Structures are given as C-alpha cells and as structure tokens.
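Q: Kindly generate the complete structure, drawing on both the sequences and the hints.
First to last, the protein sequences are chains A and B.
Under my numbering, the final residue of the first sequence carries the number 515; numbering is consecutive throughout.
Under my numbering, the final residue of the second sequence carries the number 73; numbering is consecutive throughout.
If you're looking for bench data, these hints aren't it; they were derived computationally from the structure.
Computed from a predicted structure; not experimentally measured.
Among the hints, erroneous ones may be present.
So the derived label-pair ranges between C-beta atoms look like this [stated by the list, open to error]: (1) I32/B / K7/A: 31 to 41 Å; (2) I32/B / V430/A: 39 to 49 Å; (3) R156/A / E35/B: 54 to 64 Å; (4) Q67/B / S11/A: 19 to 29 Å; (5) I37/B / K7/A: 53 to 63 Å; (6) Q231/A / L30/B: 42 to 52 Å; (7) I32/B / A475/A: 42 to 52 Å; (8) I36/B / Q231/A: 29 to 39 Å; (9) L28/A / S11/B: 22 to 32 Å; (10) F55/A / Q67/B: 11 to 21 Å; (11) L28/B / L471/A: 31 to 41 Å; (12) I32/B / V367/A: 52 to 62 Å; (13) I19/A / I32/B: 18 to 28 Å; (14) I32/B / Q272/A: 43 to 53 Å.
Ideal Cβ positions, reconstructed from N, Cα and C, are used throughout, including at glycine.
The primary structure of each chain is shown beneath.
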Amino acid sequence: MPKIIKKIRQSTVVKIRLILSLILLAALSSLILARLVPSGRIFYNRDFSRSWQFFGGQGFIGQFSPAERIDFKTSDYVKLIADPVYFSVFTPRFFTRARLIITYQDYLASSTPIVEAGVLMDKIVWQYQMKPVVNKILDNLNWPTLTEGGLTLYERQKPVADLAYFIQRAGERSDLALYNYSLLRPYYLDNYSPAKSTRIMAAGLRGPYQFYTYLDGEDFNLTFWFQDLNQNYDLKGDGVTVLVSDYKGQNILTRRVRDDGIIADTGQLSAQSVLAFVIKDLPRGVYKVEVKANDDIVTRKIITSQTKLTFINKLWLVDETVAAFDLYTNVNNLKATAFGPGGEQILAYNREPLSVDAPYQQFYKRVDFAGPDHLYLINLKPRNLIVENNGLFAFNQAAFINPDFKKVDSNWEADDSINYILSAYQSPTVLGPDKIAVLDFDLSNAYRENHKYSLMISIPGLYANNQARQLAGLAPAYLEIKEIRLELEGKSLGDKLKELWRENIKPKLGLGVKK
Amino acid sequence: MSKTKDISQPSLSVIILREIFYFSSLTLLLFIILEIIFPYIVLAYFNLNYLVALVIISGLIKLGLKQASSGAN
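A: In structure tokens, the structure reads:
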C-alpha cells in the first residue's frame, strides 16, 4: 500500500509542478511581451482616485511634483494649485507618437484661461513641446470660424473662402494672431541701416538662451566670450553649442566650444574662451541664434555689428560689473526669481515695483496693457536674477525686433489690430462635470532618460492668482486631475525586423544590388 | 501483524507548501534577474515584497511542519 501511496504522491507533485511552471512561464512571457511591445502600440493609465495598484505595482505614470503645487488631501483626486507641475512616464522602449488623454474638472479663475501640457524635448534649454488642453479665450470668442483639416480660422471681419489660400498669403498680414500653430514668414525692416562697427550688445548671461537678430546688406558676425563656473558636477562636461538658423528654421551654422576639462564642482573659474564667426552674403531677414549650455556656463559678453538683438522668453542675468541696468520687454507680465542669496531686490517694471525678497521663489507681476507695440521698461540689478515671460527682451529699445506673429496666450489682450486668429486647437470634450482633453505629441526627438519621458502641465498665472486669493481669504483655484491615459505608438516588431533585414543583413548578403 | 502508519511520507499539505516555497523562490530569483536586465519591467506591474513575503512565510511554515513531524518521529 505504501508504494501505491508513494506513486500517487509523486504524480501529485508532478501535477503541482506542472501547473506552477505554466503559471511562471505565462508570467515571464507576459513581462517580456510588455517589454518588447511587439505590436508597437500600448497604453498606460492612471486613475488618481486610487492610491493603490493591483499586485502593488508602481505603474507607468508617475506622481505629480513638486509637492507644494499639489493638493492630495482635500479631494479623492489630485488638485493642481500652482504651476507648472511635472510628471514622468516610464516606457519600456522608444515610441514615435503619443496621445495624452486628460480627464479633469476645472475650478480655475477667469484670469487663468489657458491650460497646456507638454513633453520635454531638450533638457539643456528646458524646451517642451506644448499642446493645448483648453484655451477659454478661443472657446469664448464669438467670431465666425472656418475649420479645415484640423485648423480653425477665427474671423472678426471679412470671411475667408479658401483657408489654404489664406495661409499661403498669411505671411503678409499684420492683423493675424496664432495659437498652437507655427507660421514661418520672411520679416523685413524698412529704413534699416547696418552698423559700421562692432560693440558689446549683451553681457552677463548664465545658462542657455536664444535670440533673434537681423541682417540686411552686412556680414553676420558674432563673438561670444564664455566662462565656466564649475559649480556643478557634470560627467558630460560643460561644453557650449551655438546654432544659427534662418526664418524657416533651417540650420546655417553650428559651432561648439569644448569643456575646460574640469567636470567636478570645484568652483574654479575657467579662463574665458572665445567663439567667433563671420558669415558673408546671407540674404536679408531675421535669424535665430541658439546658445545651448548648462547652468555652469556664463556668457560674459556678446560682441557683434548687428544692431538688433532680442532675447526669447528668458534671461538669467549675472553681470557684476554694473550696479543696475535697463531691460525692455514687449509683454505686460514678468516672472522674476533670485537664484541664490544676493539676487533679492526690488526691481521696477513699467515703473511699478516688483519685490523679489526671497531666493529660489518665483515672483510675478502683471501691469496694465499699454498697446500691442509698447515696450515695457524693467530696471533691475543683474545679480543672479532670472527674468522670464512669454515675450521678448532687449538690452535697449533700438535693439528690439519682434518677427513673431501675436499669440493668443495667457497674456492675450484683445485689441482692434487683430482680425484673424489661426489655431490648431480643439476644445476639450465635456462629459457631465468632467472634461476630456486629447493631445497628440511627436516623440521622435523627445528627451528620454532612464527609460522615462518627462511631461508637464502648465497653467500660466495660477500661482499668482492663488497668492492673491489667499490674501483675500479665498480658497485656491485649481485643476482637478481625475485620470491620465497615455497611448503610445512606435515601430512594431515586424517593422523592426524588416528594417534590420533591409539595412543590415540584405546589403551584407549583396541582395537587391543592381549590377 | 499490525498495520503501521508510514510516517516517513509527508502529507499533501506539506507537499503543496514545499512546492509553493520552491516556486516562489525560483520566481523571485527570476524576477530579480529580469529586473536587473530590464529595469522596472517587474516593478511596474508587481510589488516584489509580496513574493518575498510568500517565500518567507511558506519557508517558515514548511520548517515548522518538518520540525513537528520530526518531533512526532
């Protein structure tokens, strides 16, 4: 009898092992498939009402940060009470396109009409590819519209019959504004006279920056003086790349300056290195210069014979050689941050004080709109101070140039000079109290580190609005995020294998080569 | 001759526990190796602490039952 029992027990063990092995095999296969994504398509979902996940997994869509801009406690979901907020998405492989679907409830004030989301494209210049979640300015605009192929033209006056023809001739218009749409146009200045000599046009700029300049019948010459502060440890070194492109965005020149060889955070100032170039016989028009550098690099001066030099969106000013100076901007809002002790000050913006009284905090001011072509004066001490807005900056009025179309953004002020607005914007879908926004991104050149894409949600003006509400004893305005879904698309396993065959194996075998 | 119980053969529950212990240990090892090769591949879906707990608990119960059966011997 014991032998029979032993045989029965052995067959039971075999059965148990077989079942458990199949379970293990199924689990491993699922994980490998989830890693490879053979179909090229996958989606990830996060319901913010649930703080737990099945089987305790960490999920793919990270939590929002920084914590002081988020309210987790007073709602089942997540409330965004300041901006911008960031979150990351882990992906097991590269993808080329993403569709971000945000389900939310809107408890924002009328002074924050725009919500946008974006994916990080360049970590050095901190550039995001932004797309609209909602633009209440356009939603509430009672102008007739013409929609074709994902584009909407809002028409204040004369209706347009052919949108494609309108876009073809749009470069000539001065009464057109844009939202979420890029329109390239040649921009020429009447009565322009080139300078006969070079001079210092800007000094004391830290980190990356971009500027427009203009040429007409002159050489394009720029000389940069760079210095490495070596305050941060960077294994990749602190090199600098300067890119020049024309109004179509086509690259004309790329120059690089190598790191001084010190990658550790020694604080040792490097000798100044010079990058200079001259380009002759360029057609007249606007050119964009992009300086890609990390925060350890200071541009001590920019010397050029070009008379127009207008900086785009942000400047980090670190010029100790002057007590104070004037800066000009074309928009009626300003954010200022003292990056470290010594930067605190009371600066004057359009002759109104803006107190920057603590380091590492952003201070915001909005002044009365003074017209579409007005330049607002900023008087400040350039001691480790970051100034930024959605407009342009120049170190003197004569150097100012604005080749861009007006944008219907959070600082939009309606004026009679605009008769048409062209946008690639779709209002969110309303589902009861919820709204659902669908945003499409091109991930081909998106920045990805440690298998993660970085995303952000921006609600311009929310922080300042809530500061004012707090002073008035009101509850903060917020955007309540209920769910985020990310649908990713990339090459399938079949496509990859075909590519491998076509590009690597077939040439080596000499197949498909015509003799 | 009197019939005697064959006390050298483990009971079915001990066998199942033993197999669970082996299975969970092997699974934990494989998941850790997979996690080293492809970071986050397991952790995104599954908290390995649950598996560690299963290994420990099944191991302890198996040990306890083994000691109890040795004591009975």
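Q: Please go over all the hints and tell whether each is borne out by the structure.
A: Verification of the hints:
1. Separation of I32/B from K7/A is about 36 Å and conforms to the stated range, judged on CB atoms against 31 to 41 Å.
2. For I32/B and V430/A, the Cβ-Cβ distance of about 47 Å falls inside the hinted range of 39 to 49 Å, so the restraint holds.
3. Distance hint check: the CB atoms of R156/A and E35/B are about 59 Å apart, consistent with the given range 54 to 64 Å.
4. Between Q67/B and S11/A the CB atoms are about 27 Å apart, so this pair conforms to the stated range of 19 to 29 Å.
5. Between I37/B and K7/A the C-beta distance comes to about 41 Å, which lies outside the given range of 53 to 63 Å.
6. In this structure, Q231/A and L30/B meet the distance hint of 42 to 52 Å, their C-beta atoms being roughly 45 Å apart.
7. The beta-carbon spacing between I32/B and A475/A, approximately 48 Å, falls within the hinted interval of 42 to 52 Å.
8. Between I36/B and Q231/A the CB atoms are about 35 Å apart, so this pair conforms to the stated range of 29 to 39 Å.
9. Between L28/A and S11/B the C-beta distance comes to about 31 Å, which sits within the given range of 22 to 32 Å.
10. A hinted range of 11 to 21 Å is violated for the C-beta pair F55/A and Q67/B, which are about 32 Å apart.
11. Roughly 55 Å separates the CB atoms of L28/B and L471/A, a value that falls outside the hinted 31 to 41 Å.
12. Restraint check, I32/B to V367/A: a C-beta distance of roughly 59 Å satisfies the suggested window 52 to 62 Å.
13. Between I19/A and I32/B, the C-beta spacing of about 23 Å keeps the proposed range 18 to 28 Å intact.
14. Separation of I32/B from Q272/A is about 51 Å and conforms to the stated range, judged on CB atoms against 43 to 53 Å.
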